[in-house]
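A.B. asks: Chain residues, written in single-letter form:
2 protein chains.
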Amino acid sequence: MLSVEEALDRVLTAVPVLGTEVIPLPDALGRALAEPIDSTRDLPPWPNSSMDGYAVRSDDLQGAEVSRPVRLRVVGEIPAGAVAQRPLRGGESYRILTGAPLPPGADAVVPQEEVERDGDQLGVARPAAPGAYVRPRGEDIRAGDRVLEPGTTLGPAALAVLAALGRPVVRVYRTPRVAVLSTGDELVDIGTVPGPGQIPNSNSYALGALVRASRAHLQDLGIARDDPDAIEARLRAGLAADVLVSSAGVSVGDRDFVREALDRLGARVDFWKVSMRPGKPMTFALIGNGGTARAGASAAGPSERADRPFFGLPGNPVSCMVTFELFVRPALRRMGGYRVIHPPRVRARAGEAIDNPGPRRGYLRVQLAGPPERLTARPTGEQGSGILRSMLLADGLAVVAPDTRIAPGEPVEVILLRDEGLGGVRDDGGA
Amino acid sequence: MLSVEEALDRVLTAVPVLGTEVIPLPDALGRALAEPIDSTRDLPPWPNSSMDGYAVRSDDLQGAEVSRPVRLRVVGEIPAGAVAQRPLRGGESYRILTGAPLPPGADAVVPQEEVERDGDQLGVARPAAPGAYVRPRGEDIRAGDRVLEPGTTLGPAALAVLAALGRPVVRVYRTPRVAVLSTGDELVDIGTVPGPGQIPNSNSYALGALVRASRAHLQDLGIARDDPDAIEARLRAGLAADVLVSSAGVSVGDRDFVREALDRLGARVDFWKVSMRPGKPMTFALIGNGGTARAGASAAGPSERADRPFFGLPGNPVSCMVTFELFVRPALRRMGGYRVIHPPRVRARAGEAIDNPGPRRGYLRVQLAGPPERLTARPTGEQGSGILRSMLLADGLAVVAPDTRIAPGEPVEVILLRDEGLGGVRDDGGA
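Residue numbers (the numbering used here), protein chains in the order written: chain A, 30 to 460; chain B, 30 to 460.
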């Protein structure tokens, strides 16, 4: 059986990075940048005042004292958005407001609190150092500077920089579209009263939320009965998406309905088991162009489309969510062009014993407490693959080797599940 | 001058928590729950099989051995979504699939790998413990259990639980609408070539992104010239929103245009300075119903609307973003009903000296490196309030007391800026 690392490696090798598109800057929040950004200008574009005050020549103020203030003539005013009518000459000053360009000839600003003004006469009682209260041209960013690298998640500060560079649009990677299917004769839509032996379909909602939390677009394919025809029909409807994800239906009793449907779609199954707990029955396949051809090649246009990755996740709700986090989310991030694709990991100490009997690596749901430098991990109660409460309470997944019991106080590695969670260095600046 | 804590306390006391609304479950991702959720049912609703196999009475299998297997008769099959036709009697078994309800009379499941089947005859070579491979009714959640508290951020696991409880809709707090205004004669729209003394309007993009990263809705009021009439007109257009945020225009030279506009709107200014660096000139006001009455009371309906909080942020890009993070984001979270409203904080060690000269507390932009338990913080270069690069590179804000130099290796507290950043326990499970 494949290890998690081997399986993830196969997934990340197989999935295509999607194409790029040019979109308006505000829409780019949280998207992955698809071009390097080199500044085309100096920021600020000219030396400017950091205070409301008076632009001066520092030479003029040498020797200024309270008892013997230097007198300057105010020859004009430079508000924000304006420039000086003419260069500053010896013995002159300009009234200047914060952010306004320094007039040629000036090399310092005296704050308004430090002067005496009477009509067009200014009294300055102290010398000014050259450059005082002046922001030099290009002190933030210089023309030619590499400002942002491709693959960066565009957060508020990146959008601010792109705006300051005057960029109304930006090239980003396309957002993956993910078609989600639940399978199972026992499932009813939520809001419908379940009959005997029936339960509400929760996996569609879990997967839909996980897709959107991964910044991907959702196409909900609903519920398919345990029947290869029904599953095939719904999967065909999902072939216009970039990725297909189903839950359950793999190895239902004596038949494997999802495998049958995949065969009919001409899919190549890469693997169908991973050595992990929960989540062992986990199928990864690629659905080739044949599937599309029958489904509706028009959507894809004349050119061949890339293979569509297919993830067949287990039906148990916890297994379904954990396998999504470990395999589908990184795949969606890779497809969406993000440089950072893996969830952050932190090191914690076991607050109580964390037990993983059996031959498969465990991904146990834990709660974290304490400051990041002294995190404690405790299992969220019963860890059965049907126990949704264990996910509801979880901050992360403790990674535990086969047949291993981590004693209280021993270190344990934890994969963070929360977007706004704890610890773990990652460079996502996204929103 | 107010301290940051005093100012934030005034803001959080003044802002109203918004009303609630009932929305479809999938739309609730990332929203704050506005009702307690008590389970109305047991999950799972009946004891069910955790394996594909055979439902049995464990009593029947006492004494089973490889050399002397117990023979049982297979009297039916229970696939997912079905129930047994009749209770199990002594000497009988039901074929049962994963998740299907255990038939009355059965108390254990024998996995299919462990039996020999021949027609309707089953040979079992080992005893089964009572409860083996059976998930008891209510093992996940019991009817009456408090499952979720109001104020919880609804993440994928919470949506999965609500779906499993059969809830198609959920009551959440309303999402704040935030009207954003940039002011300044020097500003031009991005995409327009700036004239002499002009710069692109970056604050609208920074604030718009910060609003959306705070999960609030944006109303962009554009750019107002440095003129009280222009500012007043745009702010009036924003009175239909829940919150108004402007940047710059506070104390422009000899006049305070934003203050003049606020006076005309009948606003009560609570404070207009906070002892911090960057960000000292930071106005907080409440615009009462008078403002609305003149602007368009029809939108508000017949009943009086709550005061609208107004934040007048500094115009320097870094000051603008930092004051948003420290004051506006927590206010929006409070208004949106979230239990967790403050950004996470971590403790790091200074990787190089972090210097905060002057009488105001510093919020210096730093990069964090290393594992969460041994984070190192280094300033992101020049810390001027116009240096956007310092924000672009920042993982967080180092909080440094006035006139203090933190030497390399000394501890420093850091407020995290990244949603998907590092460290700091918070209970947001949002997406």
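There could be a bad hint or two in this list.
Any copy, or any two copies together, can satisfy a pair, since identical chains are not distinguished.
As the list claims (entries may be wrong) - EDC-like, lysine to aspartate or glutamate: derived pairs with alpha carbons at most 20 angstroms apart:
1. K309 <-> D149
2. K309 <-> D147
3. K309 <-> E142
4. K309 <-> E50
5. K309 <-> D218
6. K302 <-> E142
7. K309 <-> D38
8. K302 <-> E94
9. K302 <-> E289
10. K309 <-> D249
11. K309 <-> D174
12. K309 <-> D285
13. K309 <-> D299
14. K309 <-> D432
These aren't lab readings, by the way, just hints derived from the structure by calculation. A quick note: this is a predicted structure, and the numbers were derived from the prediction, not measured.
A.B. asks: Are the hints correct? Go through all of them and say.
C.D. replies: To see whether the hints hold, each was checked on the structure:
1. For the identical chains of this complex, K309 and D149 are neighbours neither inside a copy (83 angstroms) nor across copies (30 angstroms), given an alpha-carbon limit of 20 angstroms.
2. Taking the shortest Cα distances, K309 and D147 never come within 20 angstroms of each other, neither inside one copy (84 angstroms) nor across copies (29 angstroms).
3. Proximity of K309 and E142 under a CA criterion of 20 angstroms is satisfied inter-copy only: 16 angstroms between copies versus 72 angstroms inside one chain copy.
4. Taking the shortest Cα distances, K309 and E50 never come within 20 angstroms of each other, neither inside one copy (37 angstroms) nor across copies (40 angstroms).
5. When the C-alpha separation of K309 and D218 is checked against a cutoff of 20 angstroms, the pair qualifies neither within a copy, at 27 angstroms, nor between copies, at 54 angstroms.
6. Taking the closest pair of Cα atoms, K302 and E142 come within 20 angstroms of each other only across two copies (17 angstroms); inside a single copy the shortest separation is 74 angstroms, beyond that limit.
7. When the C-alpha separation of K309 and D38 is checked against a cutoff of 20 angstroms, the pair qualifies only within one copy, where the shortest distance is 17 angstroms, while the shortest distance between copies is 51 angstroms.
8. Taking the shortest Cα distances, K302 and E94 never come within 20 angstroms of each other, neither inside one copy (83 angstroms) nor across copies (31 angstroms).
9. For a Cα distance limit of 20 angstroms, the shortest separation of K302 from E289 inside one copy, 16 angstroms, qualifies, whereas the shortest one across copies, 69 angstroms, does not.
10. Taking the closest pair of Cα atoms, K309 and D249 never come within 20 angstroms of each other, the shortest separation being 25 angstroms inside a single copy and 49 angstroms across copies.
11. Neither within a single protomer nor between protomers do K309 and D174 lie at most 20 angstroms apart by alpha-carbon distance, with minima of 49 angstroms and 31 angstroms respectively.
12. For the identical chains of this complex, K309 and D285 are intra-copy neighbours only, at 15 angstroms inside a copy versus 66 angstroms across copies, given an alpha-carbon limit of 20 angstroms.
13. Within a single copy, K309 and D299 get their C-alpha atoms as close as 15 angstroms, which meets the 20 angstroms cut-off; across copies the closest is 59 angstroms, which misses it.
14. Proximity of K309 and D432 under a CA criterion of 20 angstroms is satisfied intra-copy only: 16 angstroms inside one chain copy versus 58 angstroms between copies.
Violated hints for the displayed structure, listed by number in ascending order: 1, 2, 4, 5, 8, 10, 11.
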